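Novice: The opening residue of the sequence shown carries number 38 in the numbering used here; numbering runs sequentially from there.
Among the hints, a few may not be true.
Stated by the list, open to error - Heads up, simulated DSS-like pairs for lysine-lysine below, C-alpha to C-alpha not over 30 Å straight-line:
| # | residue 1 | residue 2 |
| --- | --- | --- |
| 1 | Lys335 | Lys321 |
| 2 | Lys335 | Lys307 |
| 3 | Lys321 | Lys331 |
As the list claims (entries may be wrong) - Label pairs and their calculated CB-CB ranges:
| # | residue 1 | residue 2 | range |
| --- | --- | --- | --- |
| 4 | Ser246 | Thr330 | 19 to 27 Å |
| 5 | Val243 | Ile57 | 35 to 43 Å |
| 6 | Ser295 | Phe62 | 21 to 29 Å |
| 7 | Arg234 | Ile53 | 43 to 51 Å |
| 8 | Ser212 | Gly317 | 24 to 32 Å |
Derived from the structure by calculation, the hints contain no laboratory data.
Just so we're clear, the structure is a prediction, and the values are computed from it rather than from any experiment.
Glycine is no exception: its CB is placed at the ideal position from the N, C-alpha and C atoms.
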Amino acid sequence: MFLLHEYDIFWAFLIISGAIPILAFVISGVLAPISEGPEKLSSYESGIEPMGDAWLQFRIRYYMFALVFVVFDVETVFLYPWAMSFDVLGVSVFIEALFNFRAYPNCWFSLCMAKRSIGMVLAEYSENQKKKKEGKDSIETVMNLIDFPLLDQTTPNSVISTTSNDLSNWSRLSSLWPLLYGTSCCFIEFASLIGSRFDFDRYGLVPRSSPRQADLILTAGTVTMKMAPSLVRLYEQMPEPKYVIAMGACTITGGMFSTDSYSTVRGVDKLIPVDVYLPGCPPKPEAVIDAITKLRKKISREIFEDRTLSQQENRCFTTNHKFYVRCSTHTGNYDQGFLYQSPSTSEILSETFFKSKSSVSSHELVNQARFFCAE
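Take these sequences, add in the hints, and give me the full structure.
Specialist: Written as structure tokens, this is what we have:
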């Protein structure tokens with residue numbers, strides 16, 4: 038006869054394995070309310086919508102349910118024979134298997150994908166704090182200094198000054214996951230960091246191809262007008278807090294395309310807020326490491342409320358670039374200041390050199406100038 042009480046350890050294991058992901062889901066919702074937006078709810082992470090009508094669009098929650106089903110379905114199959122040999126293995130193996138159970142990180146990751154973050158979105162919390170501070174005098178301080186801050190004089194010496202904000206900043210210093218966003222030659226220098234010579238893994242940098250799993254984006258290369266909406270969409274899909282490093286001259290000011298280019302964005306900070314500017318053409322890998330080090334120092338003294346507030350207020354968000362239409366310089370008529378006039382030909386009338394007739398080409402005017410200068 039099949040007796041359920043003989044498998045109490047199996048049910049205990051199953052209940053604990055299901056309670057931990059649910060508890061993580063509830064805690065993340067209490068600590069940081071979800072910040073839903075049209076871009077974060079989008080199923081596509083490439084920055085552009087798919088072309089054609091043969092695509093079946095699914096929300097991200099369908100993938101989450103499928104992943105949870107596969108994890109529990111597969112792991113439960115292995116729980117049955119393990120529970121049968123519990124008397125032989127003992128309690129120590131049960132505890133060890135409980136903490137090494139593979140369903141925990143997988144379920145946690147699945148639930149976090151559904152919430153779009155792991156409790157790092159504090160938009161609503163910052164708005165509430167802003168309303169509470171209205172009407173109070175506040176001292177305007179410099180945000181995100183590179184140097185480490187000194188201890189507050191009002192902090193009692195007998196109380197540990199480490200706060201939850203400091204603990205959160207410290208935990209994020211070694212977990213900056215950059216989004217692979219290379220558009221030009223600067224990305225070649227960034228790619229060399231992945232090799233064993235520089236080994237940027239020692240800084241906790243794990244390259245990601247999904248914006249939902251990244252909290253740092255290095256815009257390495259030229260950003261064009263056509264690519265600007267895609268970049269903004271990828272930035273919006275990243276969870277809070279997120280950081281941007283503008284790498285290279287083309288990204289910061291447009292570089293060699295800044296003077297005479299109809300398709301290049303003159304600075305990526307017109308699209309998304311930039312935390313660290315890294316000049317160079319292209320910057321060396323050592324310079325990229327230095328920029329990451331400065332960003333780590335910046336994060337170490339950051340406050341969630343100030344970070345979210347600065348992104349909402351000081352943001353130059355625009356993808357509709359308006360350029361003034363100027364008259365073309367290739368009209369075929371030359372101005373007197375553009376041609377060289379020797380002292381020996383100063384008596385010659387300017388009407389001989391410069392004719393405003395439309396039938397006279399620029400090539401003929403240059404030949405006439407050379408002829409008179411030779412005389």
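Novice: Taking the hints in turn, state whether each one holds.
Specialist: Hint by hint, here is what the structure shows:
1. Lys335 to Lys321: 21 Å, holds
2. Lys335 to Lys307: 22 Å, holds
3. Lys321 to Lys331: 16 Å, holds
4. Ser246 to Thr330: 19 to 27 Å: 25 Å, holds
5. Val243 to Ile57: 35 to 43 Å: Violated, at about 24 Å.
6. Ser295 to Phe62: 21 to 29 Å: 48 Å, violated
7. Arg234 to Ile53: 43 to 51 Å: 45 Å, holds
8. Ser212 to Gly317: 24 to 32 Å: 26 Å, holds
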